[in-house]
Amino acid sequence: MSTKQLATFYAADRFLGIEVTRVQEVIRYQEITRAPLAPGEIRGLINLRGIIVVALDLRRRLGLEDDTEGAPPMNVVVRTDDGLVSFLVDRIGDVLEVDEERFEEPPETLRGTARELIRGAYKLDGALLLELDTDRALEVAA
Amino acid sequence: MTQKRAPTPEPANAELDEMVGEFLLESHEGLDRMDHDLLALERDPGSPEAIARIFRAMHTIKGTCGFLGFSKTEAVAHAAESLLGGLRDGEFAITPQIVTALLSTGDAIRHLLQEIEATGTEGSTDHRRLIETLVGLGVRRRQARPGARPRGRSAARSTAAARRSGPGRTRTPAAGRSPTDGPSESDEPLDVTADDAVGTHADTPSLVESAIRVDVGLLDGLMTLVGELVLARNQILQRTTIQQDPLLSTTAQRLDVITTELQEGIMKTRMQAIGTLWVKYPRVVRDLAIECGKQARIHTDGEDTELDRSLLEAIRDPLTHLVRNSVDHGIERPAARKKAGKPEEGVVAIRAYHEGGQVVVEVTDDGGGIDPADVKSRAVESGLVSAETAGQMGDREALNLIFLPGLSTAREVTRLSGRGVGMDVVKTNVERVGGNIDVQSRPGEGTTFKIKIPLTLAIIPALLVTAAGDRYAIPQVSLLELVRIAPEFVDQAIESIQGAPVYRLRGQLLPLVSLAGELGDLDTVLRGRRAIESGLGLPDRPAPGEDSALEPSDPTGPSRSEHGDEGDGAVNIVVLQADDRRFGLIVDGISDSAEIVVKPLGRDLKTIGVFAGATIMGDGRVGLILDVMGLAQRAHVVDQITDHGAIDHSAADESTGEDTAALLLFSDSTGGRMALALDLVDRLEEFPRSAVERSGPETVIQYRDEILPLVNVTDLLPEYRRKPRKKRHDGRPLPDLAGEQETIQVVVHEGEAGRVGVVVERIIDIVESAMDLQPASRPGVTGTLVIHDRVTEVLDLPELLAARDRTSGRRQKAGVA
Numbered sequence: 001m002s003t004k005q006l007a008t009f010y011a012a013d014r015f016l017g018i019e020v021t022r023v024q025e026v027i028r029y030q031e032i033t034r035a036p037l038a039p040g041e042i043r044g045l046i047n048l049r050g051i052i053v054v055a056l057d058l059r060r061r062l063g064l065e066d067d068t069e070g071a072p073p074m075n076v077v078v079r080t081d082d083g084l085v086s087f088l089v090d091r092i093g094d095v096l097e098v099d100e101e102r103f104e105e106p107p108e109t110l111r112g113t114a115r116e117l118i119r120g121a122y123k124l125d126g127a128l129l130l131e132l133d134t135d136r137a138l139e140v141a142a
Numbered sequence: 143m144t145q146k147r148a149p150t151p152e153p154a155n156a157e158l159d160e161m162v163g164e165f166l167l168e169s170h171e172g173l174d175r176m177d178h179d180l181l182a183l184e185r186d187p188g189s190p191e192a193i194a195r196i197f198r199a200m201h202t203i204k205g206t207c208g209f210l211g212f213s214k215t216e217a218v219a220h221a222a223e224s225l226l227g228g229l230r231d232g233e234f235a236i237t238p239q240i241v242t243a244l245l246s247t248g249d250a251i252r253h254l255l256q257e258i259e260a261t262g263t264e265g266s267t268d269h270r271r272l273i274e275t276l277v278g279l280g281v282r283r284r285q286a287r288p289g290a291r292p293r294g295r296s297a298a299r300s301t302a303a304a305r306r307s308g309p310g311r312t313r314t315p316a317a318g319r320s321p322t323d324g325p326s327e328s329d330e331p332l333d334v335t336a337d338d339a340v341g342t343h344a345d346t347p348s349l350v351e352s353a354i355r356v357d358v359g360l361l362d363g364l365m366t367l368v369g370e371l372v373l374a375r376n377q378i379l380q381r382t383t384i385q386q387d388p389l390l391s392t393t394a395q396r397l398d399v400i401t402t403e404l405q406e407g408i409m410k411t412r413m414q415a416i417g418t419l420w421v422k423y424p425r426v427v428r429d430l431a432i433e434c435g436k437q438a439r440i441h442t443d444g445e446d447t448e449l450d451r452s453l454l455e456a457i458r459d460p461l462t463h464l465v466r467n468s469v470d471h472g473i474e475r476p477a478a479r480k481k482a483g484k485p486e487e488g489v490v491a492i493r494a495y496h497e498g499g500q501v502v503v504e505v506t507d508d509g510g511g512i513d514p515a516d517v518k519s520r521a522v523e524s525g526l527v528s529a530e531t532a533g534q535m536g537d538r539e540a541l542n543l544i545f546l547p548g549l550s551t552a553r554e555v556t557r558l559s560g561r562g563v564g565m566d567v568v569k570t571n572v573e574r575v576g577g578n579i580d581v582q583s584r585p586g587e588g589t590t591f592k593i594k595i596p597l598t599l600a601i602i603p604a605l606l607v608t609a610a611g612d613r614y615a616i617p618q619v620s621l622l623e624l625v626r627i628a629p630e631f632v633d634q635a636i637e638s639i640q641g642a643p644v645y646r647l648r649g650q651l652l653p654l655v656s657l658a659g660e661l662g663d664l665d666t667v668l669r670g671r672r673a674i675e676s677g678l679g680l681p682d683r684p685a686p687g688e689d690s691a692l693e694p695s696d697p698t699g700p701s702r703s704e705h706g707d708e709g710d711g712a713v714n715i716v717v718l719q720a721d722d723r724r725f726g727l728i729v730d731g732i733s734d735s736a737e738i739v740v741k742p743l744g745r746d747l748k749t750i751g752v753f754a755g756a757t758i759m760g761d762g763r764v765g766l767i768l769d770v771m772g773l774a775q776r777a778h779v780v781d782q783i784t785d786h787g788a789i790d791h792s793a794a795d796e797s798t799g800e801d802t803a804a805l806l807l808f809s810d811s812t813g814g815r816m817a818l819a820l821d822l823v824d825r826l827e828e829f830p831r832s833a834v835e836r837s838g839p840e841t842v843i844q845y846r847d848e849i850l851p852l853v854n855v856t857d858l859l860p861e862y863r864r865k866p867r868k869k870r871h872d873g874r875p876l877p878d879l880a881g882e883q884e885t886i887q888v889v890v891h892e893g894e895a896g897r898v899g900v901v902v903e904r905i906i907d908i909v910e911s912a913m914d915l916q917p918a919s920r921p922g923v924t925g926t927l928v929i930h931d932r933v934t935e936v937l938d939l940p941e942l943l944a945a946r947d948r949t950s951g952r953r954q955k956a957g958v959a
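Chains A and B are the protein sequences, given in the same order.
Its first residue numbered 1, the first sequence is counted upward by one per residue in the working numbering.
Its first residue numbered 143, the second sequence is counted upward by one per residue in the working numbering.
Read the hints as simulated data drawn from the structure, not as lab findings.
Possibly wrong hints are sitting among the right ones.
Simulated pairs of lysine to any residue, SDA-like, Cα-Cα distance not exceeding 20 angstroms [as the list claims (entries may be wrong)]: (1) B:K748 x B:T570; (2) B:K748 x A:K4; (3) B:K410 x B:G363; (4) B:K748 x A:L37; (5) B:K748 x A:G50; (6) B:K748 x A:T80; (7) B:K748 x A:V98; (8) B:K748 x A:G83; (9) B:K748 x A:I51; (10) B:K422 x B:E445; (11) B:K410 x B:E455; (12) B:K748 x A:D81; (13) B:K748 x A:D135; (14) B:K748 x A:P39; (15) B:K592 x B:G417; (16) B:K594 x B:M413; (17) B:K748 x A:R79; (18) B:K592 x B:G536; (19) B:K748 x A:G40.
Derived DEER-like restraints, expressed as beta-carbon distance ranges [unchecked claim]: (20) B:R381 x A:Q24: 20 to 30 angstroms; (21) B:R185 x A:R28: 28 to 38 angstroms; (22) B:S189 x A:I51: 41 to 51 angstroms; (23) B:Q650 x A:G83: 52 to 62 angstroms; (24) B:G232 x A:Q24: 48 to 58 angstroms; (25) A:I51 x B:R574: 21 to 31 angstroms; (26) A:R49 x B:V625: 31 to 41 angstroms; (27) A:D82 x B:G611: 50 to 60 angstroms; (28) B:V567 x A:R28: 15 to 25 angstroms.
Being a predicted model, the structure only gives us computed values, none of them experimental.
Where is the CB? At the ideal position from N, CA and C, for every residue including glycine.
Looking at chain A on its own, in the form it has when it is part of the complex (with noise of 0.2 angstroms):
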């Protein structure tokens, strides 16, 4: 029985996670400065103790709406190719071991853009957990 390890957290209603080898760290919300002209998922840039890293909201790239009351948004940063990038997301959550039996596929009534980033679903009890595919949520169409 194979396991891994997502690291999880909420956009809207939606309960997600990444591979928690993908992370380097969770932040709370830094000051994010807006870069102009860039994709509308690119919230800015915020400064990660000297580095400078691109937020992505993880709403606008799930094409939810975006959270208008809340608490400021927390960073789960993640290490790519290029450098690092802030997933923004509402709410932090734990890191779960997951059982890959218990993986499935999207449903395919999950449609347009998210079901392109989603692997898939975690049937957790209580709770469906989705898996982001992170590669594809950093390609943002610039």
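Chain B: place on chain A using the hints.
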């Protein structure tokens, strides 16, 4: 190193010292590698690569010693090389004796090198015994294998002493200091190095000890860390201005000083003398000159000038290209030079020096120079510029045409250059690292290319500005000056040509670009639109044709102007240089200038093209660094001008002196070219044809809350008045404006009798032209000029209008209709 002629002058002592220094460093490295290879060879004798490497190392040492005149070292290296040649060619196999002898050779050469470094001579130690050993080993092996190919020639070239002593026995009287039996058939180590001199000069650290080779990656890492430190320092310094803690301020100041020194120190470690690029040039020039049938030598000056190694790399190819070009195109053939009264041998001079925080590198030849007229005609032939544009260019502008892609001034295409690629690449490469290149030439006397590059790229001085609530950094290199227009002058100061805002900076029209607008902030664009309206004194109520008057020619482009929103209504203009163009960037505020650390941007943001990088501001937030060139392109400042063909008005100014005037160039409905002094032009407007109304005999338009009488320029001129056009009575307004266009172009003139709108067919350009007027051909014309290669009448508008007023009493239908 064979020098058939003597293209290089006798090297000065300093140059020689430098060469020796390099030789010492190189040789030590080579010897260390050799030791390593020899030991490996002993374990694994079958490695031809290792033998080849050792052979090359010895060969290099031998060659350089020969060149520098170190004959003893040369002899030792030569003997070792011969032995190694035999090994390489497989004449005999490697034995422990050979390895030992070669290792001893290395030690002996090291010793000689030490002596050279300390005293400049090779000292008195005798190495003949070693040489004999080396020769003997080779000869003996060959004899031992009668079937082997005779390789006697290389061995025979060895010293006579070696031949005398014969194989096996290498004792020489001079080597009395090492009284061992010398090499024999036994495996006992050779003791042939004379160690008496070792330690004699130990008090002075040798070059090898005082210089170490450091991985570039490590230096880059240190540079990054220093960058971080600079940022932290900036943050702390900012903090101290808020908190009144004397201890903190003192410490912060100390930190400031240390950081600056550290930054300079680390930057120095990355600095390399530009001369390292030039080592090859004497040879390049010589070979190329022979190939072209010319005589040329190189003269260098300022090879100690240092700059960051990454920049050094960046200018390596451009510089080589310029040097080759100078020989290939610049310097004439000897016969032609003689005829011109010059020495047959041409000189290519490279000079480097520091100037104002930049490094300047000049490549000068004393050749035939570049004829601006020639460049112009070639540019026109290649279709790169129109004949009209070329005609208007000054010499300096024309020379700069050689940087256009696809232009070559070489009369014949040679193997090496003249294929029309090159100078544009040179320019691109230089500009990529924030530098610029300029060319000056006098026909018959020579050409100088001048490259200016920054010292370093990692930490740059920048101006911090704000736009639409965000802060941006503008590299100081692109910055020319700052202009602040007080609120009460904004109306007059910011004018508009076809909806594109301009500012007259000391008589020159400066196109204005709004930073916030270019960065596409919708809200700002709207505010900017309002600002334009107020700035241009337009009424709040939409005037007829306002939209078309305000819309820039590029329909997708946002409004071009955004005036300051600091509440006081002042406008801040940052005058920038992009390529050869100047433009004014309107920003909301100018906060400070600071040293910033350039950090790269990810791919997503780099592709936008207007950001050169990012940096961390004093408060820890990220700030984007503007790419001035990219911004200019986005705002069409650069394209725009290229279309108009004029490369640099300021350059034209320099060449024509002070007797110039700005002229508005336009055509009338017959296609005739006319010009009007820009001083007489209040505004340029574009109205929709439908907005034109009739009021009695007059043709008018509602404009800025008043009625603006319109008059067609053709109707003003006496000739046309005498032969009035056939009048149409179909009720269409302005039937004689010969326009299928939806809009009419109006030059608003404010004269003694109030405002008048002069309708013209097309506004062509605003040019800066020398006012050498030819006499007027008809009344109402100040004179004629040649502009853009075409005869152009300069109108005396006040006189024309006065003439119209004088006749309008009698001719009720004066004016447009």
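Agreement of K748 of chain B and R79 of chain A with the hint, judged by alpha carbon distance not exceeding 20 angstroms
holds, 18 angstroms
Is it true that the CA of K748 of chain B sits at most 20 angstroms from the CA of K4 of chain A?
violated, 35 angstroms
Run the distance test for K748 of chain B versus V98 of chain A: straight-line Cα separation, threshold 20 angstroms. Since the Cα atoms of K748 of chain B and V98 of chain A sit roughly 38 angstroms apart, the hinted pair is violated (cutoff 20 angstroms).
Pair hint K748 of chain B and G50 of chain A, alpha-carbon separation not exceeding 20 angstroms | Distance of about 19 angstroms is within 20 angstroms: holds.
- Task: Please work out if K748 of chain B and I51 of chain A have their alpha carbons no farther apart than 20 angstroms.
- Result: At roughly 16 angstroms apart (the allowed maximum being 20 angstroms), I51 of chain A and K748 of chain B satisfy the hint.
Exercise. CA of K594 of chain B to CA of M413 of chain B, is that 20 angstroms or under?
Worked result: holds, 16 angstroms
Hint consistency between K748 of chain B and L37 of chain A [alpha-carbon to alpha-carbon, up to 20 angstroms]: Distance ~11 angstroms between K748 of chain B and L37 of chain A Cα, so the pair holds.
**Prompt:** Range hint 28 to 38 angstroms: satisfied by the CB atoms of R185 of chain B and R28 of chain A?
**Reply:** Given about 59 angstroms between the Cβ atoms, the range is violated.
Q: Look at the Cβ atoms of I51 of chain A and R574 of chain B and judge whether their distance stays inside 21 to 31 angstroms.
A: holds, 24 angstroms
Check: When you check the alpha-carbon spacing of K748 of chain B and T570 of chain B, does it fall within 20 angstroms?
Finding: holds, 18 angstroms
| said: Against the range 20 to 30 angstroms, how does the distance between the Cβ atoms of R381 of chain B and Q24 of chain A compare: consistent or not? | reply: Since the Cβ atoms of R381 of chain B and Q24 of chain A sit about 28 angstroms apart, the hinted range of 20 to 30 angstroms holds.
Checklist line | Hinted pair K748 of chain B and G83 of chain A, Cα distance within 20 angstroms | finding: holds, 13 angstroms
Of the numbered hints stated above, those contradicted by the structure are hints 2, 7, 21, 23, 27 and 28, listed in ascending order.
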